[in-house]
Each structure stands twice: as structure tokens, then as C-alpha cells.
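Peer 1: Going by the UniProt record's numbering, the final residue of the sequence shown carries number 721, and the count climbs one at a time with no gaps.
Do not take every clue at face value.
Below, in silico cross-link-like pairs of lysine-lysine (DSSO-like), each with a Cα-Cα straight-line distance of 30 angstroms or less [as the list claims (entries may be wrong)]: (1) 339 - 310; (2) 683 - 610; (3) 257 - 681; (4) 385 - 257; (5) 428 - 438; (6) 55 - 170; (7) 475 - 538; (8) 475 - 384; (9) 683 - 257; (10) 438 - 257; (11) 385 - 538.
Derived DEER-like restraints, expressed as beta-carbon distance ranges [unchecked claim]: (12) 704 - 307: 54 to 62 angstroms; (13) 628 - 263: 20 to 28 angstroms; (14) 327 - 401: 18 to 26 angstroms; (15) 326 - 401: 50 to 58 angstroms.
Hints in this document: simulated from the structure, not taken from any laboratory.
Even glycine gets a Cβ: it sits at the ideal position worked out from N, Cα and C.
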Amino acid sequence: MQPTPTEPVPSAPGAAPSFAAPLVEFVRRDRQTTGFILLALSVALLALCAWTVVKTVRASGETEPEKQQKKADDPFAFEDAPLKAHNPNRVEYIAGAVLAGAAFLTAAAAAVWLLVSIPPLSEARQRTDARTLILAVSGVLGGLLILGGIWYAYLWIGGSLTEWTDKGQKKQAKWVLYPLMMIACGAALMFIGAQPARAEERSNRALRQWVYGSNLGLSVLLLIVALLVVNLIVGPRLPNKLDTTSEGFYSLAPGTKEFLTRLDQPVTAYAVLSESGSRTAEDIRRLVQNCQDASGGKFQVRIISPTANKGEYRTLAGKYPVLEVNDFGVLLTVGEDEKRHSFIREDEFTQRDTAQAPGADAGRSFIGEARLMRELLFLSENEKKAVVYFTQSAGELDVSGAPNEDLRPSASASRLRAFLERNYLEVKPLKFDPASPKVPDDATVVVVAEPQSPLSEAHVGALRQYMTEPRGGKKGKLVVLAGPRFGPNDKVLRTGLEPLLAEFNVRLGERVVVGEETRELDPFTQYVGFTEAARRAKHPVAITLGEKVVFVAPLWRPVVALRQGAPAYQAVPLLATTSGRFNWLEDERPRDLSRIFDEFRTHPEIRAVKELTENSRPVGAVVSEGESGRLAVFGNGLIVSDAVGRQSQQSGDPITFDLVGGTIDWLRDRPSFGIGVESKKYKTVLFPATADETRGLWVPLFFSLIAIGGLGASVWVVRRR
Numbered sequence: 001m002q003p004t005p006t007e008p009v010p011s012a013p014g015a016a017p018s019f020a021a022p023l024v025e026f027v028r029r030d031r032q033t034t035g036f037i038l039l040a041l042s043v044a045l046l047a048l049c050a051w052t053v054v055k056t057v058r059a060s061g062e063t064e065p066e067k068q069q070k071k072a073d074d075p076f077a078f079e080d081a082p083l084k085a086h087n088p089n090r091v092e093y094i095a096g097a098v099l100a101g102a103a104f105l106t107a108a109a110a111a112v113w114l115l116v117s118i119p120p121l122s123e124a125r126q127r128t129d130a131r132t133l134i135l136a137v138s139g140v141l142g143g144l145l146i147l148g149g150i151w152y153a154y155l156w157i158g159g160s161l162t163e164w165t166d167k168g169q170k171k172q173a174k175w176v177l178y179p180l181m182m183i184a185c186g187a188a189l190m191f192i193g194a195q196p197a198r199a200e201e202r203s204n205r206a207l208r209q210w211v212y213g214s215n216l217g218l219s220v221l222l223l224i225v226a227l228l229v230v231n232l233i234v235g236p237r238l239p240n241k242l243d244t245t246s247e248g249f250y251s252l253a254p255g256t257k258e259f260l261t262r263l264d265q266p267v268t269a270y271a272v273l274s275e276s277g278s279r280t281a282e283d284i285r286r287l288v289q290n291c292q293d294a295s296g297g298k299f300q301v302r303i304i305s306p307t308a309n310k311g312e313y314r315t316l317a318g319k320y321p322v323l324e325v326n327d328f329g330v331l332l333t334v335g336e337d338e339k340r341h342s343f344i345r346e347d348e349f350t351q352r353d354t355a356q357a358p359g360a361d362a363g364r365s366f367i368g369e370a371r372l373m374r375e376l377l378f379l380s381e382n383e384k385k386a387v388v389y390f391t392q393s394a395g396e397l398d399v400s401g402a403p404n405e406d407l408r409p410s411a412s413a414s415r416l417r418a419f420l421e422r423n424y425l426e427v428k429p430l431k432f433d434p435a436s437p438k439v440p441d442d443a444t445v446v447v448v449a450e451p452q453s454p455l456s457e458a459h460v461g462a463l464r465q466y467m468t469e470p471r472g473g474k475k476g477k478l479v480v481l482a483g484p485r486f487g488p489n490d491k492v493l494r495t496g497l498e499p500l501l502a503e504f505n506v507r508l509g510e511r512v513v514v515g516e517e518t519r520e521l522d523p524f525t526q527y528v529g530f531t532e533a534a535r536r537a538k539h540p541v542a543i544t545l546g547e548k549v550v551f552v553a554p555l556w557r558p559v560v561a562l563r564q565g566a567p568a569y570q571a572v573p574l575l576a577t578t579s580g581r582f583n584w585l586e587d588e589r590p591r592d593l594s595r596i597f598d599e600f601r602t603h604p605e606i607r608a609v610k611e612l613t614e615n616s617r618p619v620g621a622v623v624s625e626g627e628s629g630r631l632a633v634f635g636n637g638l639i640v641s642d643a644v645g646r647q648s649q650q651s652g653d654p655i656t657f658d659l660v661g662g663t664i665d666w667l668r669d670r671p672s673f674g675i676g677v678e679s680k681k682y683k684t685v686l687f688p689a690t691a692d693e694t695r696g697l698w699v700p701l702f703f704s705l706i707a708i709g710g711l712g713a714s715v716w717v718v719r720r721r
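Build the full structure now, drawing on both the sequences and the hints.
Peer 2: Below, the structure is given as C-alpha cells:
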């Protein structure tokens, strides 16, 4: 016989959950103590209210500029003043006083009610009153904290968030986090205060409505706060742009990004653009905005329309008269005072390409990134150009720029000079004084380009003195471009620089590199690229120009970086011929290649003497002293002559000009721009000829009729069943 089960006894309506019971019981039993605690809290809140009132009276606040006069001058101007970082003002203290006063009244009213009112006789009723008091006080105080957090977030987060996330000013983070902490604390206070009341949510309708209402409000609030945090704080730190173009038209080069992050002075770009929606204007807009995103707040952009922002444009033109004679472009300013400035016209952001065939449309390319960065680099150097001297005493490439009809293109470097001057370098010819040869004191870099005869001992001595004796705390920098020159007996001539280069751990060979003849290359022409050693060392020229770039040029000397020598200098091979093709060294101009190959097959000693190999052969080296570059040697000078420049079929300058320009920048301890930043060609997409009216209109219409007829037939069949 089974025992009769006992019926469950429902719990008393006033029972409290175990974790909230101590608080409810404390308020119920010690009403007087609880009242004094709330009274002390109200006194503290009153003191806070009084302090904020005093600060309100004392705070002068930041006076805003006269907007009425600005509106009168330009009634259509947009009020788009930049956001400023937070600075406490009178309005914020008033809000604090109101919130503290409301909290004081809440705490004081609760304290008075506990101290004055008579408690009910029933314990269940006492618990209900305690739960109601906890819910009311925590709800009001939590709501005030939430309202205050929302208000201060509206006042503070705008400018401070920009200063923190974009410019990296961590001190401004507190003005972003304080409102969020107020909202979080208010929500937590409301949530905790609602928990004791849940014990009566089934039996007390009023408490149930308060609990459910507070839970709904908190859920919505937490969702909004989470969305704000993700979108305003986390979102800006995540990549939010995708360049889907095949050539990366809207992406910045790695060197550009690195330079922007290392800016040590604030830069402002005023983009004065038309509202016509032209392709160039839109590309300029995207370029400066990408620079702003990549700079970490150091590069700021202001988009100005002469039509929509007349007042701001007139103010800017009054400060920078260059805007009065130019319509559209980008004004760059550097420094807090914005005194150093430069203007780039809109048409300077593009260039006309070289036509691939006579009569063909040349097209245009966007070169804005390289142009903008070169201008910025020039401004960051306090607008002082570095002076590069080209020696002109041993038949070197002519850079004087003087018209000379008898001068062969292979003996001139006027195009290289123009290229360097566009990169804000001052190029000067250096003709040594026969009586007292000396390198000028203002020389930043000296270049010896393709000497036709050996340099005299006096000239080499002047270069040695320049390289070994610091002047003004600066050491000399030298670039040597010397290909093989043949004498009357077809022997390769010396340059005279061999002993000086050996002092810097570089051996410039006195032979010519000859390769196996192929369908694409003659014996004297070589494919040359960056060495594996340069790639492993992450040499700036190799990294910036592109590790996989290949130069094609004839007549190369071997250049060897010596491992043993002066310990102060570190020589690294920079350029080498590509492997996979037999090559060797000749002391004189070879006449009969078939005879040479016969000798290779029958005389191993000849192979050893001429260093026959299928591996790569070094033809360029760079030397550094510590962290600073000192010397660069290339076994070819024709790569920078006008002859190579004229042979280039691509738009812009030959890649070899970038090689020399980048090397000079490396010697100057400056980043290279224009190097590795390819011009971005505008392309016109045409629909194929097959996209005629038949395929574009009648074929889709025909299939649509078939689909409609089939659908109608299906409906008819179904309804007939």
C-alpha cells in the first residue's frame, strides 16, 4: 500500500530569493540604519551638486566664433568646423548639477520615508515595502546614471573619439570611456535592484510590471551600447575598404603607408575640388582619404568646394595667395602653424601616356600618389633641396642641360637630371679645378656616371677626401655607375676608382660580362635583378622598387662585395645577372664566340680563368657604415643615359631612373617615393560587338514569353485535375 503523497505547500508571497534575502531583510529590520545610510548618500550627492554649481559659475567656457557674421558673408556655407577634443565647459557642469540634484532628492526622499513612516505589522508587507524601496531607489539612480552617460557621450565622444582612435592620443580615451562606464554602472544598478522584486513577480502586479519593464529597457540599452562600441570604437580599427580593381587602383603602396605612419609633424591637405564629379576629382578625393586612414591621424583632410564653402575658401585664399591663381587642386600644409605649404594643381595628378603606335590614342594615367608623397617629403625637409653633383671631368654623362647637337644620347643624362629635379633634388655638374680639385661643401651625394677615361689621381684624391673626412659632422656619399669602356686595343679600361672602392670593400672588375647568345638576348645584354642577399637583408631599394623587378641592359662590369676588408663598412651585393644562362668574363671585346665555346669545351683552364658559370653574377653593390648608407657601385652607366630613356616604350620614366633615385634617397637616409608606386592607367571598357539589339532585347523577350506561357500551361493543367 502506497503512502498518500503530501500536497506541496506554496511558498509565501513574501519569500525572497536566497541571494537577495540578506539585503531585503536588512532594509526590513534596520529601517533606521538604512535611512541614515541613504541620508549620508544624499549629503554626498548634495555636496557634489554644490561643487558642480560652483564650477558652473566659474567656468567661462569656450566662446564660439561669430557665426552670424559668417552667415551674413556666405548664407549658403556649411557649418562643418572640425571636431575638437573634449574640454569641460559650463554646459557640462550644469548637466552634472541637475543629475546630482535629482539623485540627492531621490536619496533624501527615500531616507525620510524610512525614518518617518510607520512600518506595516505584517512581515510579508514589510518585505514588499523593502523590495519596492530597493527597486525604486536603484531604478531612479540607475536611470539618472544612464541619462547622464548618454548626455555626456553626446557632448564628449565626437571629438575625443577622433583624437583617440585616429590620432592615437590615449589621454582622450577617458572622455570616451567615462560615459560608457556611467551607462554600464547605471544598468548594473537597475539590474541588481530589480532582483529582490522578482520574488513577488507572480503575485504582485505592480512589481511585475516594473521588473519586466526594467528588463526590456536594459536589454534595449545594452544592445544600443554594444552597437555603439562596435561601430565607434572597434569598427574604425578594422579594415573597411576593399579594392577590387585588378591593378589596385585605389590602394596605397607599402612605402607610402610606412611614410605616413612615421610623420613627425601634423599635415593638413585642403582638397579644393569641383562638384562636377570628374574622374580625376573623385580619384584625388579617394587618394587623400586613403592617406588620412593610413596615417593614424597625422594626415588630416579637408574637402572644400569653392561653391558650397565660399566663406572657408575665401579665408583660405586670403592666407595662401596661390589659391587665387589656381582653380582646383590640393593644398598641403605642414606643422602646427601651417606656414610651410605647397599647392598641387588638379592636372598635375595625371599624365599623358606614350602612344604604343603612331596615331594611336595615348591615354592618361593617374600619378597622384607619387606626386603627393614627393611634395610632402619636400615640405617635411623644410623645403631645402639636397644637392647632387655629377662629375664632368673624365667624359662622364653630361648633365649640364646645354643644347649640343653633337652630343649622342648615350653620352647625356639630361632626362635623369629632369627626373631627379622633379623629385626635389638639385642637380649640379662638378668640374674639378685643375689646380686644386675639391668636392663642394654643399654636396649631399656625388655621382660618377659612365666615365670614358680613367679619372686622374688628383680627382680620385678629391673624392677620397670627400668620402673619408667628415664636413660639418656629415660623411660623404658616392654613387658610381661605370660600365666597361674599351680602349684602342679593345681592352677594358680602368676607371681609376678601383683603389678607392677597395677601401670600402668593393671590387670593381676590369672585365666585361658576356653571356650565351639566345633568341632574345645578344652576348653583351643581360637580365639583371636584385640579389637574394639584398632581399634577405630587406634593403630599402630592393624592397621599395620591387624584389622581382628585372633590368635589361648591355655592357656590364662585375662588381664584387668583399667580405673581408675594413670592418667599419658592410658591403652587400645588390644587383646580379639572372641564373640559368651561361656567362663569363672577358678582358677585351670578344670577336669570335664560336671559337670561345670551342676553347671552353677543350680547355678547362680557360673556363676557370674566364669564370664560366651558369649561376648569377654580381654587378652591383652597396656599402653602409652602421645604419647609414655610404656608397653604391653599379657595373653599368648606360642604364641612366638618354639612349635608354628614349628606348622606353612604357609611360613615364625608365625603371633604371627609379633605381638611381632610390639609391640616392637611401644614401640620404630618406624614404623613396615614386619608386614602387606605379602610375595607374585609365582604361575604357567597351561592350563587345556581339552585344547588339537582338541579344539585348529580343532574346530576353522571347525567353520571357516562353516562361510566362509555360507557367500559364502549368496552372491550367493543375486546375483541370
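Peer 1: Looking back at the hints listed earlier, which ones does the structure fail to meet?
Peer 2: Hints 2, 10, 12, 14 and 15 are the ones this structure does not satisfy, whereas the remaining hints hold.
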